[in-house]
Structures are given as structure tokens and as C-alpha cells.
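Going down the list, the protein sequences come from chains A and B.
Counting in this note's numbering, the first sequence runs from 20 upward without gaps.
Counting in this note's numbering, the second sequence runs from 20 upward without gaps.
There could be a bad hint or two in this list.
Identical chains share a label here; the pair holds if one copy fits it or two copies do between them.
[Stated by the list, open to error] Below, computed lysine-lysine pairings styled on DSBU-like, alpha-carbon distance capped at 30 Å:
#1 Lys50 <-> Lys403
#2 Lys216 <-> Lys230
#3 Lys263 <-> Lys234
#4 Lys230 <-> Lys196
#5 Lys254 <-> Lys196
#6 Lys187 <-> Lys48
#7 Lys216 <-> Lys21
#8 Lys370 <-> Lys310
I should point out that these hints are in silico values taken from the structure, not numbers from a laboratory.
2 protein chains.
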Amino acid sequence: MKAIIIIGDGMGDRQLSELNYLTPLEAAKPKNMDNVALLGVSGLLHAISPGVAPGSDIATLAILGYDPYRVYTGRGGFEAIGAGIELRDEDVAFRCDFATVNEDFIIVDENAGRIREEAVELATQIQDLKLRTASDVEVIFKQTLGFKGVLVLRGERLSPNVSACKPKLGNQADLIKPLDRSLEAKRTADALNEFIKITYNVLKDHPINQKRRLKGKPPANVLIPWGGGKRPSLKPLYERYGVKGACVAAASLIKGICKLACMDIVDVPGATGEVDTNTIAKADAALRALKDHDLVLIHVEGPDEASHDGDIAGKILIIKKIDSMVGTIIKNISLEENYIMLLADHATPVKLKKHTADPTPITIAGSDVVRDEVSRYSERAAYKGGLGHIRGKYIMPILLNLMGRPVEFDIPSNLTGRVRL
Amino acid sequence: MKAIIIIGDGMGDRQLSELNYLTPLEAAKPKNMDNVALLGVSGLLHAISPGVAPGSDIATLAILGYDPYRVYTGRGGFEAIGAGIELRDEDVAFRCDFATVNEDFIIVDENAGRIREEAVELATQIQDLKLRTASDVEVIFKQTLGFKGVLVLRGERLSPNVSACKPKLGNQADLIKPLDRSLEAKRTADALNEFIKITYNVLKDHPINQKRRLKGKPPANVLIPWGGGKRPSLKPLYERYGVKGACVAAASLIKGICKLACMDIVDVPGATGEVDTNTIAKADAALRALKDHDLVLIHVEGPDEASHDGDIAGKILIIKKIDSMVGTIIKNISLEENYIMLLADHATPVKLKKHTADPTPITIAGSDVVRDEVSRYSERAAYKGGLGHIRGKYIMPILLNLMGRPVEFDIPSNLTGRVRL
Chain A
20 MKAIIIIGDG MGDRQLSELN YLTPLEAAKP KNMDNVALLG VSGLLHAISP GVAPGSDIAT
80 LAILGYDPYR VYTGRGGFEA IGAGIELRDE DVAFRCDFAT VNEDFIIVDE NAGRIREEAV
140 ELATQIQDLK LRTASDVEVI FKQTLGFKGV LVLRGERLSP NVSACKPKLG NQADLIKPLD
200 RSLEAKRTAD ALNEFIKITY NVLKDHPINQ KRRLKGKPPA NVLIPWGGGK RPSLKPLYER
260 YGVKGACVAA ASLIKGICKL ACMDIVDVPG ATGEVDTNTI AKADAALRAL KDHDLVLIHV
320 EGPDEASHDG DIAGKILIIK KIDSMVGTII KNISLEENYI MLLADHATPV KLKKHTADPT
380 PITIAGSDVV RDEVSRYSER AAYKGGLGHI RGKYIMPILL NLMGRPVEFD IPSNLTGRVR
440 L
Chain B
20 MKAIIIIGDG MGDRQLSELN YLTPLEAAKP KNMDNVALLG VSGLLHAISP GVAPGSDIAT
80 LAILGYDPYR VYTGRGGFEA IGAGIELRDE DVAFRCDFAT VNEDFIIVDE NAGRIREEAV
140 ELATQIQDLK LRTASDVEVI FKQTLGFKGV LVLRGERLSP NVSACKPKLG NQADLIKPLD
200 RSLEAKRTAD ALNEFIKITY NVLKDHPINQ KRRLKGKPPA NVLIPWGGGK RPSLKPLYER
260 YGVKGACVAA ASLIKGICKL ACMDIVDVPG ATGEVDTNTI AKADAALRAL KDHDLVLIHV
320 EGPDEASHDG DIAGKILIIK KIDSMVGTII KNISLEENYI MLLADHATPV KLKKHTADPT
380 PITIAGSDVV RDEVSRYSER AAYKGGLGHI RGKYIMPILL NLMGRPVEFD IPSNLTGRVR
440 L
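Based on the provided sequences and hints, a complete structural model is requested.
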């Protein structure tokens with residue numbers, strides 16, 4: 020038995036007056052997702068615990084059975100690994116986004132108007148930077164998807180413990196502060212503030228940005244590092260659970276987690292991490308990966324992006340596209356031989372434009388799964404689901420159990436308990 | 020107020036194509052069990068936690084309110100106590116099954132074709148054995164039910180930390196290994212391997228086995244010890260909860276747990292631990308025990324045995340027999356004075372032939388229990404139950420609460436919490 024896990028990032032939401040008090044999932048009428056719910060058992064997922072809003076890194080770790088409270092070393096480490104950077108133990112890594120600042124370094128656009136292809140050319144300008152504040156530190160920047168990228172500071176005496184936060188409208192970009200009194204944190208904060216200023220000087224008058232200004236688009240005139248972290252370490256998924264896994268994702272963050280879990284990363288042309296991503300290409304890639312893997316995880320970033328933008332129509336559109344992806348998958352697999360699990364890792368209500376702790380619908384289908392009466396995949400329909408409310412950490416055990424590989428009560432050598440789920 | 024707990028071992032299952040996608044519980048149409056569900060509140064039980072597949076020992080401990088992570092010392096200890104052996108602190112005890120091996124000690128039948136009465140005579144051959152590898156060790160073997168028995172090694176410097184696993188088709192029987200570098204583990208592994216070889220030499224040409232061979236039945240030509248453990252210790256049930264308990268069970272394992280909990284053990288003629296067990300005799304015994312006990316636990320092993328054999332018809336048959344037992348009980352007790360709780364300790368899907376972590380239906384009836392709308396006792400019906408998903412460790416607190424003896428919030432003298440549910 021094999022399994023496919025489909026994660027719609029931030030797909031969960033609330034009922035919206037604009038949608039006649041339906042949620043985006045309800046308004047999208049995703050008939051294939053509904054079909055999965057009809058064929059399986061549904062419930063509501065709390066990636067960590069009720070009331071806790073996770074980042075997608077935290078939620079994905081939990082969903083894959085890793086305890087974020089034990090393995091999480093900051094977002095940047097996962098991003099860098101996912102971007103293909105061979106991270107060293109001494110490195111400090113950051114997510115690093117193109118944004119727009121004014122002359123006082125106040126953020127006026129959090130992602131430079133969602134700059135896309137032009138970011139590739141701009142990124143070439145940010146190579147071989149030397150820092151005055153930390154001349155022994157190597158600066159590695161890599162653009163990944165559109166405005167997104169990764170920054171790695173390589174050298175001794177560095178620390179992720181600095182106030183480098185996700186770009187937020189109205190915040191000052193170049194005021195990153197150390198969060199402890201160590202030399203390492205002070206040095207890293209200084210290096211980051213200098214990095215931000217250098218990128219501004221390099222980018223602000225670049226021809227691409229001059230053209231963007233002429234078109235009324237915000238210039239990508241700065242790079243803002245955030246979510247610092249050290250090199251993480253995960254026990255391989257096959258060692259933990261005996262399953263060979265593959266990952267179909269655009270987002271570096273998710274690729275990084277899966278790469279660290281020793282899952283195979285399937286790159287998909289046309290997977291953009293945005294609403295315009297090619298979900299059918301992702302379905303095809305997943306179906307191919309399923310041939311020689313036990314577990315395939317498909318992650319679609321789009322719903323979260325639309326939600327952060329407050330874009331209701333965009334969220335409904337990407338849900339419909341995920342629904343087509345689900346349709347392609349269920350048309351091409353047998354539920355006698357495969358389980359299919361559909362979930363949102365967390366809610367990102369479009370009205371709030373940020374991650375929340377609202378429970379999200381989850382459904383699992385397979386020929387021997389005892390079906391419940393839920394026939395819709397939505398936040399509301401899942402209230403009546405047979406799974407009840409479950410936590411992220413139980414997802415892998417539940418799925419492995421269905422696959423005939425239950426986690427057995429563990430009796431260690433000293434005959435007193437060890438593993439507690 | 021008194022209570023009866025009825026446990027159908029491994030009674031939970033999945034929907035089966037052979038049963039038109041019903042579960043064995045649904046297909047059996049157990050009208051008395053359904054009546055208990057109708058009269059009470061239902062839910063789904065995870066003996067330990069979601070995704071964890073327990074043995075029946077682990078599950079029963081949890082159901083009786085004992086934390087297996089604290090009290091579990093291996094299966095063998097409970098089996099030996101249940102078989103009536105006065106276990107000493109230095110003893111190491113094993114479940115020990117008649118099986119069939121070929122000349123290379125490869126297991127070709129895990130339970131010697133479920134040998135029954137003939138095992139009693141064969142067991143008389145396995146007495147006063149002397150071991151060359153551990154000449155100071157006393158060897159105590161006791162047959163219990165059919166192919167099942169108990170082996171106790173009595174002596175100094177012994178350890179349960181050896182690789183003695185449940186007999187499995189195709190495995191080599193006489194290759195038990197120490198699981199640590201201690202002298203004790205090495206000595207015990209050597210003793211067990213020698214024991215296995217001796218039993219083979221004693222049993223292989225016994226007239227009973229010659230007759231079995233002539234009839235085309237697998238000879239019970241070896242004894243295989245597994246599930247080693249030390250003497251366990253449980254705080255008596257009446258000290259923990261103030262209730263006087265009785266146990267109606269065939270399986271030594273369950274008897275052992277209940278005996279250690281200082282419950283009275285009621286032996287029932289005709290209780291075989293198999294599908295052919297006399298469930299009505301068990302009902303009568305339980306009704307008698309109820310007269311001078313507060314809590315009577317009835318355990319029926321049959322569904323688990325049928326499930327391990329992959330026997331769908333057998334599983335449905337024993338469910339129907341348990342249903343008759345339930346019918347006899349509800350006809351003879353008043354729900355004004357008694358609560359009746361019906362559950363499966365875990366699922367043993369007949370297709371998988373092993374314990375899994377699938378949640379199992381539980382229902383509690385009593386005249387003042389707030390009824391839900393569930394009117395069937397099944398995995399599917401329980402999805403809508405008012406109890407939701409509960410864990411084994413909450414069963415006793417829930418039952419005692421109904422009985423008017425709630426576990427009270429415990430504030431110890433140092434004003435920090437102690438008992439955590």
C-alpha cells in the first residue's frame with residue numbers, strides 16, 4: 020500500500036460575507052476534493068495544538084512526524100537546504116526577499132509587487148558581496164521563486180538570534196538588532212543591516228527597476244533577510260517509518276524539510292509557488308514518483324500566497340486548480356492500492372492575511388477506510404467527520420497504520436516506556 | 020451503582036470488499052450490542068494514542084487505568100501470573116506456544132494447526148527439564164489454552180532482554196539472541212534456544228504427533244517462548260478506585276493483569292479463548308460475580324483469534340456469540356443500578372491479520388447516561404457518537420465518574436500538580 024499526501028498551503032479559511040458566508044473552499048465547489056471526502060473519512064486538523072498558529076515549516080514538520088519543538092532550528096536552515104545550498108554547521112541562513120523601501124528604508128511593498136522573472140536578473144547583481152562589518156564572512160545569496168530567495172552568512176562567530184522579521188509594510192528594514200548580548204548576535208545583526216544597505220545601493224537604480232518605476236510598479240530595490248536559522252538535522256523518513264518518500268513542491272522551505280528527511284525531491288517545470296502554478300504538471304510528477312516511492316507529498320503554495328494578499332478570487336482560483344490536480348490523481352490511481360490524504364497545513368484567512376490556528380479540513384480515502392457521511396471537503400463539512408479533531412503529529416502514525424505499518428507500542432530495553440505519542 | 024465492561028478482543032476492523040464494504044461488526048448485525056449503543060453514548064477508542072497499535076496486555080492495562088509506560092514489564096510476567104504461577108522477583112517469564120517447525124527449525128505452522136486437547140498430554144512431556152547451558156536454572160512450563168502456554172526460567176542472572184518474538188511463519192525458531200551485552204541476556208538466550216531444541220527432541224516423535232501427521236495435521240513438535248517479562252506489580256484496583264473487581268476471562272494474559280490488580284478471577288468451564296468459547300457461560304459467570312463485586316470485566320479472546328487467522332466468517336460468528344452474551348446480560352441487569360460498557364481493545368483487521376491502531380467503537384449505557392443518536396455498535400456508527408475520540412486511560416475515570424465516584428482534582432501539599440490525565 021502506498022499513499023499520497025496533498026497539502027494546500029494556508030487553504031483553510033473562515034466564512035466570508037463576500038461569499039455569502041461560505042468559506043473559499045465551499046465557494047470553490049471542488050468536486051474532486053469532495054469526492055475524496057465522500058470516499059473516505061474526514062476531520063479537522065490542528066497542526067500543533069488548538070489555538071496555535073504555525074508557520075508552514077512547523078506544520079509540515081509535524082505532518083511528517085517530526086516534533087518541531089525538538090528539531091526546529093529556525094526557518095532559514097530549511098530554506099537554504101531547499102534552495103540547494105550545502106549548509107555548513109557554522110552557517111547562519113535566512114529567507115531573503117526582494118522588497119521595496121523608500122529612502123528612509125521604510126518598507127512600502129513587502130515583495131516588490133510580487134516581482135517575478137525580473138528577479139533572476141537582479142539576483143545576478145548580488146554576488147560576491149564583501150561586508151565591512153564582518154570581512155571574514157562569506158555572503159551567499161540565491162534567488163529561488165520570484166521575490167523569494169535565501170541568504171547564507173558563512174563564517175565563524177555568527178548567530179541566528181537577531182530580530183530579522185518577515186517584511187511588513189511600514190517597518191524599517193535596516194534596524195535588525197541582536198536578541199542577546201553575545202558578540203555573535205551583534206556581529207550578525209550588523210552584517211545583515213549592512214547587507215540590506217548594500218543591496219539597496221546596488222539595486223535602486225538598476226535598469227530593471229527604472230523600467231518598473233516607469234510602468235508604475237514598485238522597484239525591487241532591497242533584499243530583506245528574515246527567519247534566521249542554523250543547519251537543521253532530521254532522522255530520515257525511511258529510518259523512522261520504513262517508507263521511501265518523494266516530495267513535489269515549489270517552495271524551498273518544503274523542499275528543504277523533505278530533503279533533510281531524505282525524501283527525493285521532484286522538480287516540476289511550471290511549479291511557481293504562486294496562483295499561476297501548473298498543478299496538472301504537479302499531479303503528473305506525483306503519479307510518476309508514486310511508481311517507485313511509498314509516500315508522495317504534494318505541496319501547493321498558491322492558496323497561502325493568495326491569502327496573504329487578501330485575494331479572495333485568487334484563493335478560489337487556486338483551490339479550483341488544486342481540485343483539477345486531485346482529479347488527475349484519483350483518475351490515475353487505484354484506491355485498492357493507495358491511500359490519498361488531503362489537507363491544509365493551516366488556515367490563512369484572506370481577511371486577516373496571516374496564518375491562524377483555525378482547524379483545517381483533512382480527509383483520508385482508501386478502499387478499506389471506514390467511510391463517514393461527510394461528502395464535502397470543507398471546514399464546515401469536516402465538523403461531522405469521523406476523525407474528529409486530530410493533531411499534526413498523529414498524521415503519519417494514522418497513515419502508516421492504514422498502510423499496514425502501525426507504530427507499535429515501544430518497549431525499550433530497560434522495560435520502561437520511551438516513545439509517547 | 021455497579022458496572023460491567025465487555026471487551027471483544029481485536030473486534031474492531033475495516034470495511035471489507037467481501038462484506039460489501041461493511042465491517043464485520045456491521046455485517047454481524049449484533050442486535051443486543053446495537054441496543055446498548057441505542058441506550059447509551061458511543062465513541063471511538065484509542066487504547067494508547069492515535070496511530071499506536073497495542074498488544075492486548077497494553078490495551079487492557081490502559082483500560083483498567085494503569086499507565087503501560089510505567090507498569091509494563093513485558094508480556095510474560097502477566098501470562099505467568101494468569102496461568103497461576105507464583106512468580107518470583109528473579110524469574111523471567113515467557114508466553115510459550117506449541118508450533119510446528121521443519122528439521123531446520125523453520126516455523127511452518129505458528130500454532131501447530133491450533134492444536135487443542137492434545138496439547139494437554141504433550142505438555143506432560145515437558146516437565147523437569149534440565150538445561151546444559153544454565154544448569155542452575157529451574158524450567159517451569161505450563162500449558163494454558165490449546166497451543167498456548169507459559170515458560171518460566173527460575174534462577175539468578177537471567178534477563179528478559181532477548182529477541183524472543185511471537186512465532187512467525189518462515190522464521191527460524193532457535194535463533195534467539197541477547198539484546199544487550201550483559202551476561203544475563205546471553206545466558207537467557209542460550210537457555211531458550213536449548214529449551215526449544217529439547218522440546219523438539221521430546222515432541223517430534225510423540226505418538227500424538229505421529230497420529231496428527233497421519234491425519235495430515237501439523238505436529239506440535241516444538242515449544243516457542245516469546246514476549247519475555249519480569250514479575251509486574253500493580254496497585255490494587257480497589258486501592259486506586261475503591262471498587263471491588265472481578266474478571267471473567269479465558270486468556271492467561273488478561274487473568275494475569277486482573278489478578279495483579281487484585282480483582283477476583285472467575286474461571287468459567289467452556290471458556291476456550293477461541294471462536295468456540297461458551298459466551299453464555301461467561302455471561303452467567305459475570306452475572307453471578309456482579310452480586311458481590313462493583314465492577315466485572317468480561318474479556319472474549321475469540322474475535323482476535325479469528326482475525327489473526329484471517330477468518331471473516333469466524334469473526335462474524337464470534338461477534339454474534341458475544342452479542343448473545345450481551346443479550347443475556349442486559350436481560351438480567353437493571354440499567355438503573357448498573358452501567359454496561361462495550362468496547363474492543365484494539366482492531367485486528369482480518370485482512371492484515373495483525374493488531375492495528377484503527378480506533379474501535381465503545382459504548383456506555385446506563386439509565387442516567389445522556390444518550391446520543393447512535394443506535395448501532397460499529398466503527399462507522401461510532402463516528403457520530405457523543406463520546407468523540409477517547410483514550411484508554413480515560414475509560415476508568417469516565418466509568419467511575421458515572422458510578423458517582425469521580426476522580427477528584429488532586430492538589431498535593433507542595434501545590435504543584437501530580438496526577439495528570
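Self-check item: Alpha-carbon proximity between lysine 216 and lysine 230, which holds within one copy, between copies, both or neither at 30 Å
Solution: within (22 Å within a copy, 87 Å between copies)
Quiz item: When no copy is named, should lysine 263 and lysine 234 be tagged within, between, both, or neither for a Cα gap of at most 30 Å?
Solution: Cα proximity of lysine 263 and lysine 234: none, with 49 Å in one copy and 46 Å across.
Self-check item: Homomeric proximity label, lysine 254 with lysine 196: Cα distance no greater than 30 Å
Solution: Classified as between: cross-chain Cα gap 27 Å, same-chain 33 Å, threshold 30 Å.
Exercise. With 30 Å as the alpha-carbon cut-off, assign the pair lysine 50 and lysine 403 to within, between, both or neither.
Key: both (19 Å within a copy, 24 Å between copies)
Quiz item: 30 Å Cα cut-off: does lysine 370 pair with lysine 310 within a copy, between copies, both or neither?
Solution: The answer is between: 24 Å across copies meets 30 Å, while 41 Å in one copy does not.
Quiz item: Given identical chains, is lysine 230 near lysine 196, meaning Cα to Cα at most 30 Å, within a copy, between copies, both, or neither?
Solution: Intra 34 Å, inter 74 Å, cutoff 30 Å: neither.
Quiz item: 30 Å Cα cut-off: does lysine 216 pair with lysine 21 within a copy, between copies, both or neither?
Solution: neither (50 Å within a copy, 41 Å between copies)
Quiz item: What label fits lysine 187 with lysine 48 when the C-alpha limit is 30 Å: within, between, both, or neither?
Solution: Result: close neither inside a copy nor across copies, 33 Å intra and 49 Å inter.
In summary, the structure is inconsistent with hints 3, 4, 6, 7 from the numbered list given earlier, while agreeing with the others.
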